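Trainee: Residue strings, one per chain:
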Amino acid sequence: MPVVRIPTVLRKHTDGEAKVAAAGATVREVFASLVAEHPELEDSLFDGDAVRGFINVYVDDEDIRYLDGLDSPVEEDAEVAIMPAVAGGAERSEHARRPRSAGGAERSEHARRPRSAGGAV
Amino acid sequence: MDDHSDTEVFELDRATWDRLVEHAWSDHPYEVCGLLGIQPDGTIEHFPIDNAERSMTYYVMEPTQLLRAMRQIEDEGWRLGIYHSHPHTHAYPSATDIRLAAYPEATYVIVTLQDRDRPGIRAFAIRDGEVAEKRLVVRDDRAA
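So the protein lines, in turn, are chains G and F.
Taking numbering that gives the first Met the number 0, I'd label the letters of the first sequence as residues 0 to 120.
Taking numbering that gives the first Met the number 0, I'd label the letters of the second sequence as residues 0 to 143.
Hints in this document: simulated from the structure, not taken from any laboratory.
As the structure is a computational prediction, the values presented were derived from the model and not from experiment.
All residues carry an ideal CB built from backbone N, CA and C; glycine is no exception.
Check before you lean on any hint, since a few could be wrong.
What the hints assert, rightly or not - If you want the ones that stay clear, here's a sample from chain G, every Cβ over 12 Å from chain F, calculated:
id	residue
1	G47
2	A49
3	D67
Unchecked claim - Here are the in silico distance ranges between beta carbons for each label pair:
id	chain 1	residue 1	chain 2	residue 2	range
4	F	R126	G	A31	29 to 37 Å
5	G	D76	F	G76	19 to 27 Å
6	F	P39	G	D42	34 to 42 Å
I would like the entire structure built from these sequences, with the hints used as guidance.
Mentor: Structure representation (structure tokens):
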């Protein structure tokens, strides 16, 4: 069964567990299992049907934004990692006010050109 | 006279201090960022991470590099340090830094190059929007 890596800030919703097994063949299904077991995670992970903009989600080493978002396939022995983005800066900027929409195809373009400021963050 | 009795101490070895300042200069005037893995004996593993925004006023750690570094730090059981540079402002968490701080267990380290001749580093905890400065102690590498 896939294992989900939970960041410290969300472990209050998983009884302190850092890794939680959750069944599913896609990230969407794995998250559904996870939320069924730990309902308080839902608000932290999702904004409507989408993953919150500030949460990075990976299947093994791959950011799901480079895959198929929530429809990315998950193998039985895969690790799905949930990791809040690490960001900040000296000044409040336009970028900071516009959180990314996780899983959205519009982010791939930005992600492939990380050096171009003004991306969809 | 300052009373540091309630202040958490964050120890940085001189070599890491130098590496952080060097990293901050390496892409000046853009902000740089990275993670620190702090081992139980105080040894610090340094993980420079690309600033995906390459901005003078904002940073976002490149997600894949972030994953790899964070996973190693967590799996090794090291304590977490999160650093970035303020090329033009002082070393104190900005409103953006505070709002986006999502790692309550981390020590947030800020390198300032505001005074080009005297780079500075300060360390903080940021929890629930509250900033608590830690007392930064720079130790020489061979000190006991």
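Trainee: Hint by hint, say whether it matches the structure.
Mentor: Structure-based check of all given hints:
1. G47: holds, 20 Å
2. A49: holds, 16 Å
3. D67: Check passes; 16 Å lies beyond 12 Å.
4. R126/F with A31/G: 29 to 37 Å: The hint (29 to 37 Å, Cβ to Cβ) holds, given that R126/F and A31/G are roughly 31 Å apart.
5. D76/G with G76/F: 19 to 27 Å: holds, 23 Å
6. P39/F with D42/G: 34 to 42 Å: holds, 35 Å
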